[in-house]
Amino acid sequence: MAHEVRPMPLRAEGPAPTAFRRLAVCLDGSELGERVLPHALAVARAFGAPVTLLRVLEAQTSGGPPSDPLEWELRRKEAGGYLARLAGGRATVESEVIEGAPAEQICLWAACHEADLTVLSSHGAGGQSECRLAGTASELIERVPGSLLLVPAAAAASDGIARYQRILVPLDGSARAESVIPLATRLAADAEAELVFAHVVPVPELIELGALEAEDLELRDRLVRRNERVANQYLDRVRARLAESGIPVRATVLCGGDVRGRLVRLIADQTIDLVVLSAHGQTGRADVHCGSVAAHLLSHSRSPLLIVRPARSQRQPHSVEGAGCRLPHQASV
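For what it's worth, our numbering labels the leading residue of the sequence shown as 1, then goes sequentially.
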């Protein structure tokens, strides 16, 4: 089937958020984990949202209180002091120490406290490995409610608040993909960054029972040229709607190759500082946590990714459903 762009109005389809109200920031005491904080602060500043730093202490026994209450108290105080140091006395930054399985407790906390953006690192205390995503990161991507901001271990480290110069928004012509534009626009305005819209026109697939004939090749070329023309018109219209925003906007159409691979190369070649995209585009499958493009970028992008997903009221992790909001050994710092 030939891939074609179907221009859509600039509006969100379904319950995609237009702002973030609370951020949950996952920390595990490692240097890699701490790299998420500058990005969390940048997003929080853009939306005026409070931030909660979370540190989960894994229980040494399955269920019930810790085997050594004194040791637990010492660990809790140490973790609390660590979070307080990272919070740096900022009025909008709180912190909490909780106990249990990290992914499970973070999902539960996010659901109970209506955190609509969870910020996490691809790797933490275990260090970088051959796996592109550590185990806890993979679990959170699959199960945490709301949107997520993933900071790859390969991303450049930042001090203070992250400074974005170029923000990429991949578009496929669907209303789902376009629904992230208000979020990306607000981030770009706050950071005084350039907004880059991109669309990839893949080579149409033709059924092959042998070598393609000249008329087949000519048909495929015509489809590519047609889709490229329509894609340029589409991005021009999207860009024109932001003309009065005062934000520098650029659009690019890429032809040929795998959509996912072309976007990964674009991110690297254009030195993109942040990618903002919908978890689902044209296909919008409800049975998977992310579409194929978002999932590929989560494991291959070297730049931070803001994956926008439906609000909590529309998407509940099944491990949280009916579980109530009781967090074991929770302590505010």
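Don't read these hints as lab results, they were simulated from the structure.
Glycine included, every Cβ here is placed at the ideal spot set by N, Cα and C.
Please note that the accuracy of each hint is not assured.
With a straight-line cut-off of 25 Å between C-alpha atoms, the simulated SDA-like cross-links for lysine to any residue are [to be verified]:
(1) K77 / P50
(2) K77 / G88
(3) K77 / G89
(4) K77 / A87
(5) K77 / F47
(6) K77 / A91
(7) K77 / G48
(8) K77 / R90
(9) K77 / R143
(10) K77 / E58
(11) K77 / A46
(12) K77 / A59
What follows is a list of derived Cβ distance ranges for each label pair [stated by the list, open to error]:
(13) A101 / E31: 15 to 25 Å
(14) A243 / R21: 57 to 67 Å
(15) G257 / A157: 53 to 63 Å
(16) G284 / E71: 47 to 57 Å
(17) T92 / G257: 38 to 48 Å
(18) A211 / S30: 23 to 33 Å
(19) I207 / R90: 31 to 41 Å
(20) S138 / A211: 39 to 49 Å
(21) A189 / S292: 46 to 56 Å
(22) T18 / D221: 38 to 48 Å
(23) A189 / A211: 51 to 61 Å
Do the hints match the structure? See the list:
no.	hint	result
1	K77 / P50	holds (23 Å)
2	K77 / G88	holds (17 Å)
3	K77 / G89	holds (17 Å)
4	K77 / A87	holds (15 Å)
5	K77 / F47	violated (31 Å)
6	K77 / A91	holds (21 Å)
7	K77 / G48	violated (29 Å)
8	K77 / R90	holds (20 Å)
9	K77 / R143	violated (29 Å)
10	K77 / E58	holds (14 Å)
11	K77 / A46	violated (32 Å)
12	K77 / A59	holds (15 Å)
13	A101 / E31: 15 to 25 Å	holds (23 Å)
14	A243 / R21: 57 to 67 Å	violated (29 Å)
15	G257 / A157: 53 to 63 Å	violated (31 Å)
16	G284 / E71: 47 to 57 Å	holds (48 Å)
17	T92 / G257: 38 to 48 Å	holds (43 Å)
18	A211 / S30: 23 to 33 Å	violated (54 Å)
19	I207 / R90: 31 to 41 Å	violated (59 Å)
20	S138 / A211: 39 to 49 Å	holds (42 Å)
21	A189 / S292: 46 to 56 Å	violated (31 Å)
22	T18 / D221: 38 to 48 Å	holds (40 Å)
23	A189 / A211: 51 to 61 Å	holds (53 Å)
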